[in-house]
Structures are given as structure tokens and as C-alpha cells.
Amino acid sequence: GENVEQHPSTLSVQEGDSAVIKCTYSDSASNYFPWYKQELGKRPQLIIDIRSNVGEKKDQRIAVTLNKTAKHFSLHITETQPEDSAVYFCAASIGWFNFGNEKLTFGTGTRLTIIP
Amino acid sequence: DAGVTQSPTHLIKTRGQQVTLRCSPKSGHDTVSWYQQALGQGPQFIFQYYEEEERQRGNFPDRFSGHQFPNYSSELNVNALLLGDSALYLCASSSGLAHEQYFGPGTRLTVT
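Going down the list, the protein sequences come from chains E and L. Read left to right, the first sequence gives residues 104 to 219 (the working numbering). Read left to right, the second sequence gives residues 67 to 178 (the working numbering).
Just so you know, the hints here were simulated from the structure itself, not pulled from any lab data. Here the structure is a predicted model, which means the values were calculated and not measured. C-beta atoms are modelled at their ideal positions from N, C-alpha and C, and glycine is treated no differently.
Derived Cβ-Cβ restraints for the label pairs, each shown as a range:
{"id": "1", "chain 1": "L", "residue 1": "73", "chain 2": "E", "residue 2": "175", "range": "34 to 40 Å"}
{"id": "2", "chain 1": "E", "residue 1": "142", "chain 2": "L", "residue 2": "129", "range": "28 to 34 Å"}
{"id": "3", "chain 1": "L", "residue 1": "106", "chain 2": "E", "residue 2": "158", "range": "29 to 35 Å"}
{"id": "4", "chain 1": "L", "residue 1": "82", "chain 2": "E", "residue 2": "129", "range": "35 to 41 Å"}
{"id": "5", "chain 1": "L", "residue 1": "74", "chain 2": "E", "residue 2": "117", "range": "39 to 45 Å"}
{"id": "6", "chain 1": "E", "residue 1": "119", "chain 2": "L", "residue 2": "86", "range": "44 to 50 Å"}
Straight-line C-alpha distance at most 30 Å; calculated DSBU-like pairs for lysine-lysine:
{"id": "7", "chain 1": "L", "residue 1": "92", "chain 2": "E", "residue 2": "145"}
{"id": "8", "chain 1": "E", "residue 1": "171", "chain 2": "E", "residue 2": "125"}
{"id": "9", "chain 1": "E", "residue 1": "145", "chain 2": "L", "residue 2": "79"}
{"id": "10", "chain 1": "L", "residue 1": "92", "chain 2": "E", "residue 2": "161"}
{"id": "11", "chain 1": "E", "residue 1": "160", "chain 2": "L", "residue 2": "92"}
When you get a sec, could you build the whole thing from the sequences and use the hints?
Written as C-alpha cells, this is what we have:
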């Protein structure tokens with residue numbers, strides 16, 4: 104089955120600097136890659152996702168890049184703010200046209216701390 | 067428009083007991099997936115329901131079972147509880163035609 108590895112497990116950056124979190128996946132059939140942000144005691148919140156037919160996607164200060172050949176994808180947060188502090192999870196799944204997606208396989212998470 | 071809701075919020079059970087957790091999907095969603103999140107870990111897939119049937123299942127024993135109702139809400143049942151079943155149980159809903167999964171707030175289960 105699919106295996107997703109995520110690095111680093113913890114990351115501290117100065118406010119205003121950029122943060123990068125990296126994930127690798129094992130199943131070449133995976134074609135949908137979401138990122139979730141989970142604040143303490145709260146639900147995982149979908150913040151951005153990318154499909155395998157796209158190499159990069161950006162939404163304001165957040166961007167995700169995908170390298171299908173190397174089977175890795177990354178989350179980039181620019182101009183970090185204190186409210187970006189949370190645990191971030193990457194995930195991978197196989198999405199079928201007209202049939203939704205299969206299970207999400209999650210990475211182990213990255214605890215991001217923004218230092219004011 | 068209500069998002070994904072789950073009940074109860076917290077639950078304390080004793081080893082060997084049985085528990086039922088409930089989930090109502092986001093309006094317009096017809097697929098419900100259940101995940102177990104142990105402390106400090108990423109969510110692990112338990113199973114997914116679509117059209118009232120279990121569509122796929124993760125590596126969880128038969129003690130974990132579920133159901134989906136005609137209104138798309140879902141239940142997760144766990145029998146013969148073990149200490150290791152203590153975790154946050156999350157449900158996520160999605161539309162059968164889309165990829166995005168949206169999570170509920172979870173049920174924190176403690177087994178003593």
C-alpha cells in the first residue's frame with residue numbers, strides 16, 4: 104500500500120521568513136495530494152491540494168509543488184505569521200474520475216512554530 | 067451551511083465495552099470516511115462509506131464496523147474495546163465526484 108514520509112517533524116522559523124515542508128510517496132498511482140493544518144485540539148483543515156496533472160499551485164502565501172518523477176511534493180509558506188503555528192499533515196490518495204477518491208494516507212506531521 | 071459534525075465530543079469507556087460514534091456529513095456530501103488519530107500521529111484510515119455500503123477498508127480488525135444511513139450520516143462502532151483504541155476519531159465527508167475531504171471536530175475516546 105501507499106506510504107507517505109514527511110520531513111521535518113518539527114520546524115521553527117522567524118516571523119516573516121519562509122517555511123518548507125517536504126513529503127515523499129511510494130505509490131506511483133497516487134494522483135491527489137492535499138495538505139491539512141491542525142491546530143491544537145481542532146479538526147484537520149484542508150488548506151491546499153494539488154492533482155498530478157499540475158506541477159505547482161499557489162493560494163496567497165501558500166504554495167504546493169509536485170514532482171511526479173521523484174514522487175515528492177512540498178508545502179511552501181511565505182511571510183509566515185504567528186497564526187501559521189500548527190501541525191501540518193501531507194496526504195496522498197488515488198482519485199478516480201467520476202468516482203471520488205480512495206483513502207487518504209497521511210504523513211506523520213510537522214509541528215511548525217513561528218517565532219515572533 | 068453546517069460543516070461536518072460529530073457526536074459525542076468526548077467519551078470514556080472501560081475495556082471490553084462497546085462504543086458508537088456518529089457523524090453527519092457536510093451538506094451536499096454523500097461519502098463518509100472514518101479515521102483514527104493517535105496522539106502525535108497522522109490520521110489512519112479505517113473505512114469509507116458510499117451509497118450505504120463500505121467501499122473500502124483500512125487495516126483495522128473486524129471489531130471496527132460502520133453503517134451509513136439514507137441521509138448519508140454514518141456511525142462507527144467499536145466492540146470489545148482495548149486500551150489501544152484510545153484516540154481521536156475523525157470523520158471526513160466528501161462528494162462522490164470530488165476529491166476534497168473535509169473533517170469533523172472528532173470524538174476523543176478514552177478507554178480505561
